[in-house]
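Student: The whole structure should be built from the sequences, with the hints applied where relevant.
Protein sequence lines correspond, in order, to chains A and B. Using my numbering, read the first sequence as starting at 1 and increasing by one per residue. Using my numbering, read the second sequence as starting at 1 and increasing by one per residue.
Treat the hints as calculated values from the structure; they're not laboratory data. Possibly wrong hints are sitting among the right ones.
[Said to hold, decoys possible] Now the stretches of chain B that chain A is said to cover, found in silico as 3 or more residues with beta-carbon under 8 Å: (1) 116-123; (2) 139-150; (3) 180-194; (4) 340-348; (5) 433-445; (6) 571-582.
For clarity, every value in this text was computed on a predicted model and none was experimentally measured. We treat Cβ as the ideally placed atom computed from N, Cα and C, and that holds for glycine.
Residue-level listing of the chains:
There are 2 protein chains.
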Amino acid sequence: MVEKDRMHIPLKRAWEILRQNLAPLPPEETPIEEALGRTLAGDVISKRNVPHYNASAMDGYCLSSAATAGATPSSPVHFPPGEYQWVNTGGDVHPRFDCVAMVEDTSPAENGVLSVASTLVAGENIRPLGEDVFLGQVIAREGDRINPALNSLLGAAGVGIIRTLPLPRTLYVPTGDEVIPLDEWIKTGSPPAGMVGDSNSLLVKGYFDLWGLPLDRVPRLPDDREVLKTFLKENRDKYDLILIGAGSAKGEKDYAFPVMEELGVPLFRWLLMKPGRPASAADLGGALAVNLPGFPMSNAVILWSLVYPALQLLQKGDFDEEKVLSEAIGAKGEGEVSLLSSYSSSFGREEWVRLKCAEIGGEKKAYPLSSGASALWSLSETDGLALLPLETAERAKGAPVKLWFLRDINWEDRILFQGSNDPGFERIATFVKKRGAEVVMRSVGSLGGLAALSRGECHAAACHLLDPETGAYNTPYIERLFGDEAAQIARRVVFYRRQGIMVRKGNPKGIRSVADLGREDVSIVNRQPGAGTRVLLDYLLREEGIAPENVRGYEFCSATHFDAGNRVLRGLADAAAGIKSAADALGLDFIPLAEEPYELVYNKKDGDHPGLRSLLDALGDPGWKSLVDEMGGYRWEG
Amino acid sequence: MVEKDRMHIPLKRAWEILRQNLAPLPPEETPIEEALGRTLAGDVISKRNVPHYNASAMDGYCLSSAATAGATPSSPVHFPPGEYQWVNTGGDVHPRFDCVAMVEDTSPAENGVLSVASTLVAGENIRPLGEDVFLGQVIAREGDRINPALNSLLGAAGVGIIRTLPLPRTLYVPTGDEVIPLDEWIKTGSPPAGMVGDSNSLLVKGYFDLWGLPLDRVPRLPDDREVLKTFLKENRDKYDLILIGAGSAKGEKDYAFPVMEELGVPLFRWLLMKPGRPASAADLGGALAVNLPGFPMSNAVILWSLVYPALQLLQKGDFDEEKVLSEAIGAKGEGEVSLLSSYSSSFGREEWVRLKCAEIGGEKKAYPLSSGASALWSLSETDGLALLPLETAERAKGAPVKLWFLRDINWEDRILFQGSNDPGFERIATFVKKRGAEVVMRSVGSLGGLAALSRGECHAAACHLLDPETGAYNTPYIERLFGDEAAQIARRVVFYRRQGIMVRKGNPKGIRSVADLGREDVSIVNRQPGAGTRVLLDYLLREEGIAPENVRGYEFCSATHFDAGNRVLRGLADAAAGIKSAADALGLDFIPLAEEPYELVYNKKDGDHPGLRSLLDALGDPGWKSLVDEMGGYRWEG
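Tutor: Structure, rendered in structure tokens:
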């Protein structure tokens, strides 16, 4: 049984327990051919001089310096044959000579006599042995990582084998009846509901590669207590660390911790961390076992927070608490950003936040990406990671947040787009990148984008907002939001796109127009307030005289066309307003309603921003335009 | 024949020629298991929804939301058996239901009837399919590098194979009769003069590993024109890039370029760069051939400047001139430092400078390490690299220099030591590192160290300076240099060490005392002005009445005890003043002359610097003290 004070603990307490329970493995002897990237476990002393002989630094003649005393161009000294020797640059200078005369300072006279026109000192024009490295010199120190130059230097210095930090032997075993091997998962066109591909194996393997550490993997074990027990018994003496994937929570099939408890000494369970709570560790006798939660973000968090520190303890008996997480995540540096939206954190837990960044008006800003334990895309997409302390409850908009960057960000070339979601326009990001710049795209709806632009929270927005009074698009909204500043706003129609109703293939509910959305047997999924598509839907419903409260599902919102279409596709709703390209991509039927201009909006003063310039230029890129054309439902001219 | 305007060219011109002559290879199909670190050659679109089913976000009951209308705790709605279904968190929600009621909001009544006490909307408590990633969503973009999260996401999204930038096939072939295979070189206790180990192979391999690119290597070819020609003919169709090691200059055995010229179209020869001048390239009609100079620093420079850009052209048809060098050297970032000493650069050549850095008084400073083409240690040891422009002639002390950092430097924890060279004291750096700090050690002699300290150019110095007037050590010098500030100077004797005369084993010249250094048949190697050892020697010579001009070799200086001892060992001089530990390490005989205090000196105000604190603490480290004891010639008490 794990003691009560070892359950629901903060990360630092878990580190303390790991420190108490892990002893460093002995250093290894590593041949230099395999040494790149390894860390030295002791100082390295050169076994020879480099160069190991006295090499001439010139083409010329080896001489005895004493004999050149007083030589000048007007009164040269003469050397009979045998008292000098020709040498090429890099050639060996025989010990009976102690200097080299440049060929330009000499001239051959009769009978093989050499005239030397300059007085030389001992050692002159000689690259002495040991010039680069001395025999006995410390050429690298404990803790140094072997880079290409040091690796090569070790060879030059006659050092063939070095003592390095050991590579702990780690085994990763995924568990769970629901887990399908990845190759099978990929081959299966439509896997059964409730099953998941073993993509965590690649996540774990990826971090071990990043850390330069070996990892053995095995296929997943079923949800069978005895199977897991036997497996751990068989492997605990072969490995230093065993990572058990999933089975970490309290469900009826969550065997991992009970088995770890049975086989060894439980060290702790449950972290005060989000994601990453259902983690635990036990000393199995030979190996340390760590249970990694099954959700990918939780899995990653425990790899960083527990597994990497444990590996450090196994390698060198210690780690630097200030640096260990930054190293574990492979941070490119750290910095501070201010939040573009408020963030609710769980008080009493440390919380990992994924952030997307841009510099606006000279200030580095960021918005949080999806924070779920199951969200993998946002980890792949994130610019950086923040770890909010235990006592954080709410971070207000504008509050500073410290983060580790996972990418090298070119702040000057990057812009933030906030606005209406469009799958065709989204594809432009690649074409902006080809132009050496970057656009970060955040879907906040048409109105949300304009509002963000008016508050200086983005570089560009896009909208398709119908004004019910005038039937005009966008202009009335821009005038209302920007007031006197409206003249400073630049606008450019990106394309015209077809809006309509997305319904399941074959239109099983026989939906023909907006009027059908008021039917008792029809449910919709709506878009969020401020989305241009919602504005359009509201306008059309009003024209049909249908009150929103009479539309089933009106209050349930999706943030993108694809999300809404997906819900229709899977039967969570019968219809959704959306654009043709999304319907086409999802194989939905589409009932056209209107064509609308999708307009890019930005401040004229930002027109010189390299990111915005690249975006505007990319709008004319034939590659992007043909991608959009393929999607369907777009026209370039109104 | 290479045209005249393609010889002795600046790097940018070489890049231009490479651009004109290299076409990108086609992208590759890469299985995701091998994709980590690879770069995407196109956008990646998700092949499925993640999750691919509607998963319950709660433990509870699947229901139809329409039937919950109006339900409250005081008037619950009742569901007969068959109209609800239990679901675990993560379980599949059957399409005939559209929401999940939390178990806390329900209560079982009689006859299997379920009471639900809350009104639900469609989708409530469901993690809808596609919540993480949609079918059809762009999940990664052209140019993205595959990190662990993205690699795993590809698997989850059903993407098994991706299009990546190709991996060019590269072959490295060292040449030269003087080159010994590295394993043989290491085994050979004392290789013949004029021979070198093939350590460049490790340098080349190391950079390819760093770049994540494959490299084939073969044993060295002899200096034989026909052999090289046959070899290139056989391999030019099997590789995209062939790197020929050495044979790049104008000597009689430098066949590489003539053979390249004969077999293909020469592209350019000689760069206006230092080191790295003797580089060339030719189009062999299948492969591009690049000739890498044999000196290690030149070799590295050409790897960065030509080989990496050529690989970029082969991979993607282009490279960013602003970033390519930084990427090639594996820079951790860039910055600016001011020079601690002036630097003479070669006007008309771009020059690579290796710099060692520290922050002093809030300013980042650096001194240049050995700049020779043959110096490998200084590349291994350097903190960063600067590339001085063509038109630079002299950079004055204090001038700003931009550099790329090759290490992550903890500026706050790092101190710069300048002062007297001592092989025992040098070993303390490792023990400072163990304390989380760092000391950079520069040998400038006792007087040089005190002067640097007085000018604020280091954090600590060390000296052993005998005052001939008083016979006292150090104090008179400190008082003279620091004047009224002398009271602000802290001093600590590190140890006492034995000074004497180092002579070859067996003392062939029969040197018994300083008096013998004035003999006609005896030559010495001296230490640089300001070195404590030189001050001592001068004092002892004066006592013996020997004028410096009567000492042979007096004017030739070494900067360290080891360098001086080495010159004696190899017969470049008969004797040198130096300490016993250096003589012992080199196997020299030693004639003791004096014992002297070796004293650490620093500003009291810096006493709180974490680096200095660690250094002072390390002076008491038993590990370090036993290392020093083993060296011999030291005492801890005066």
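Student: Tell me, which hint numbers fail for this structure?
Tutor: 4
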